[in-house]
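Student: Counting with numbering that gives the first Met the number 0, you get residues 0 to 129 for the letters of the sequence shown.
Please note: incorrect hints may appear among the correct ones.
[As the list claims (entries may be wrong)] Derived SDA-like pairs (lysine to any residue); straight-line CA-CA distance at most 25 Å:
{"id": "1", "residue 1": "99", "residue 2": "77"}
{"id": "2", "residue 1": "99", "residue 2": "37"}
{"id": "3", "residue 1": "99", "residue 2": "88"}
[What the hints assert, rightly or not] Across the chosen pairs, the derived CB separations fall in these ranges:
{"id": "4", "residue 1": "110", "residue 2": "5", "range": "30 to 36 Å"}
{"id": "5", "residue 1": "99", "residue 2": "60", "range": "31 to 37 Å"}
{"id": "6", "residue 1": "43", "residue 2": "72", "range": "20 to 26 Å"}
{"id": "7", "residue 1": "93", "residue 2": "23", "range": "15 to 21 Å"}
Hints were generated in silico from the structure; no laboratory data involved.
For each residue, glycine too, the CB sits at the ideal point set by N, CA and C.
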Amino acid sequence: MEAGLSQAAALQDAARERGLVPEDEVARTLQAYTRTELLAASRSLDGEGVAYVPGVGLLSDEAASRARAALDLALDSTPEQRLDLQAAESAVAGALGVEKVDVESLLGVWPDLAIQRPSLFEAYVARTGD
0 MEAGLSQAAA LQDAARERGL VPEDEVARTL QAYTRTELLA ASRSLDGEGV AYVPGVGLLS
60 DEAASRARAA LDLALDSTPE QRLDLQAAES AVAGALGVEK VDVESLLGVW PDLAIQRPSL
120 FEAYVARTGD
């Protein structure tokens, strides 16, 4: 149990320092080999300025704010007030300093944003109040 707590503390420190600890790194560190194990083990990670986001990883509050600001800026720069999923992922990944991020999973943190799918081949991020 003590080893698990020290791993959780190390992950929290890494998230506060780096902004994001990707989910695969969280799983390796916690030795979680299935989604169920990872979700159970991740419960100990939330708090003290960090939150675990399933599908994304362990995110600092500061990094989440940067990601949201980048997404808001990108949304505001489009006449339709929506971004295709690839553009949204690019904006958020850039703000987090990573190559790729699952924006659909991250939107669970922001209930005022959602994915719109007008067809099988289109997906957009938009504000739900618009």
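Student: For each hint, tell me whether it holds in the structure or not.
Tutor: The hints, checked one at a time:
1. Of the pairs offered as hints, the one joining residue 99 and residue 77 holds, with about 22 Å between alpha carbons and a cut-off of 25 Å not exceeded.
2. Under the criterion of a C-alpha separation no larger than 25 Å, the hint pairing residue 99 with residue 37 is consistent with the structure, at around 20 Å.
3. A hinted pair counts as satisfied when its Cα atoms are at most 25 Å apart, and residue 99 with residue 88 qualifies at roughly 7 Å.
4. Checked against the hint of 30 to 36 Å, the pair residue 110 and residue 5 passes, with Cβ atoms roughly 34 Å apart.
5. Roughly 22 Å separates the CB atoms of residue 99 and residue 60, a value that falls outside the hinted 31 to 37 Å.
6. A hinted range of 20 to 26 Å is violated for the C-beta pair residue 43 and residue 72, which are about 34 Å apart.
7. For the hinted restraint 15 to 21 Å between residue 93 and residue 23, the CB-CB distance of approximately 20 Å keeps it satisfied.
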